[in-house]
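Participant: Read off the chains here:
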Amino acid sequence: EAQVTQNPRYLITVTGKKLTVTCSQNMNHEYMSWYRQDPGLGLRQIYYSMNVEVTDKGDVPEGYKVSRKEKRNFPLILESPSPNQTSLYFCASSLQDRVTYEQYFGPGTRLTVT
Amino acid sequence: AQSVTQLDSHVSVSEGTPVLLRCNYSSSYSPSLFWYVQHPNKGLQLLLKYTSAATLVKGINGFEAEFKKSETSFHLTKPSAHMSDAAEYFCVVSDMNTGFQKLVFGTGTRLLVSP
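If you read the protein sequences in the order shown, they are chains A and B. Residues 1300 to 1413, numbered by the numbering used here, are exactly what the first sequence covers, in order. Residues 349 to 463, numbered by the numbering used here, are exactly what the second sequence covers, in order.
Note that these hints are calculated values from the structure, not bench results. Bear in mind that the values here come from a model prediction, so they are computed numbers and not experimental data. Be aware that one or more of the hints could be misleading.
[Said to hold, decoys possible] Within a straight-line C-alpha distance of at most 27 Å, the following computed DSS-like cross-link-like pairs (lysine-lysine) qualify:
#, chain 1, residue 1, chain 2, residue 2
1, B, Lys390, B, Lys416
2, A, Lys1368, B, Lys450
3, A, Lys1316, A, Lys1364
4, B, Lys397, B, Lys416
5, B, Lys450, B, Lys406
6, A, Lys1356, A, Lys1368
7, A, Lys1356, B, Lys450
8, A, Lys1356, B, Lys406
9, B, Lys450, B, Lys390
10, B, Lys450, B, Lys397
11, B, Lys406, B, Lys417
12, A, Lys1317, A, Lys1364
13, B, Lys390, A, Lys1364
14, A, Lys1317, A, Lys1370
15, B, Lys417, B, Lys390
16, A, Lys1317, A, Lys1356
17, A, Lys1364, B, Lys417
18, A, Lys1370, A, Lys1356
19, B, Lys406, A, Lys1317
20, B, Lys417, B, Lys397
21, B, Lys450, A, Lys1370
22, A, Lys1370, B, Lys390
23, B, Lys416, B, Lys406
24, B, Lys390, A, Lys1356
25, B, Lys416, B, Lys450
26, A, Lys1368, A, Lys1316
27, A, Lys1356, A, Lys1316
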């Protein structure tokens, strides 16, 4: 089944403790992206990647890192999480970066930083 | 800069009645417009998209939307609501001129469907 998977689905952590949220897709997509969803703000893009080893900042990149060493994986790294990073995170992928291609979203990771 | 405004944060309808979710956009170039749906505890699913072809776009589950350039609107409609339509709906714009996947999301409209 074609899908985008994220792990973990739920995470509660403390301020400053490094964490990684994994994202994997099995559709051989070139384009991958991370979003955060906050009440009343919709989804905002954190980082995106147009292909292996090619990443760039989205609208809200502060406090986050990403890497794209393999085509299928695009982990999101929080080196020193803070409470304002408590949010619902979505990974998405698309065949290419052109807008005519649909983005497929993962199920989401709910992160709470205390 | 592109933006979308979803005019209602919540819409309540009865099952079997029409659904109207309103969206206005702002874009300097020819936009691509999308509607995504998010069911509780699920990821986002594409309902339909407009990319400069027919202005009336049909999507999944009986939804459709009409692109009106003169009104800068892309409202989502469905003739008859079903209980399973209860979800959050996002209007999304992207810059067709550059063609890149720069999606800008609206703040969402929660659709409530009562029996």
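Participant: Given the hint that lysine 1370(A) pairs with lysine 1356(A), test it: the Cα-Cα distance must not exceed 27 Å.
Facilitator: Distance ~18 Å between lysine 1370(A) and lysine 1356(A) Cα, so the pair holds.
Participant: Quick one, are lysine 406(B) and lysine 417(B) close enough, alpha carbons at most 27 Å?
Facilitator: 17 Å, holds
Participant: Need the status of pair lysine 1317(A), lysine 1364(A): alpha-carbon distance at most 27 Å?
Facilitator: 11 Å, holds
Participant: Given the hinted pair lysine 1317(A) and lysine 1356(A), is their Cα-Cα distance within 27 Å?
Facilitator: 20 Å, holds
Participant: Lysine 1368(A) and lysine 1316(A): Cα distance at most 27 Å?
Facilitator: 23 Å, holds
Participant: Is the Cα-Cα distance between lysine 450(B) and lysine 406(B) 27 Å or less?
Facilitator: 23 Å, holds
Participant: Would the pair lysine 450(B) and lysine 1370(A) pass a check requiring their Cα atoms to be no farther apart than 27 Å?
Facilitator: 20 Å, holds
Participant: Would the pair lysine 1364(A) and lysine 417(B) pass a check requiring their Cα atoms to be no farther apart than 27 Å?
Facilitator: Violated. Lysine 1364(A) to lysine 417(B) sits at ~39 Å, over the 27 Å cutoff.
Participant: Tell me if the straight-line CA distance from lysine 416(B) to lysine 406(B) falls inside 27 Å.
Facilitator: Within the cut-off at roughly 15 Å; holds.
Participant: For the pair we were handed, lysine 1317(A) and lysine 1370(A), check the Cα-Cα distance against 27 Å.
Facilitator: 24 Å, holds
Participant: Is the hinted pair lysine 417(B) and lysine 397(B) satisfied, with a Cα-Cα distance of at most 27 Å?
Facilitator: 15 Å, holds
Participant: Are lysine 390(B) and lysine 416(B) close enough, with their CA atoms no more than 27 Å apart?
Facilitator: 30 Å, violated
Checked against the numbered hints above, the structure violates hints 1, 8, 15, 17 and 19; every other hint is satisfied.
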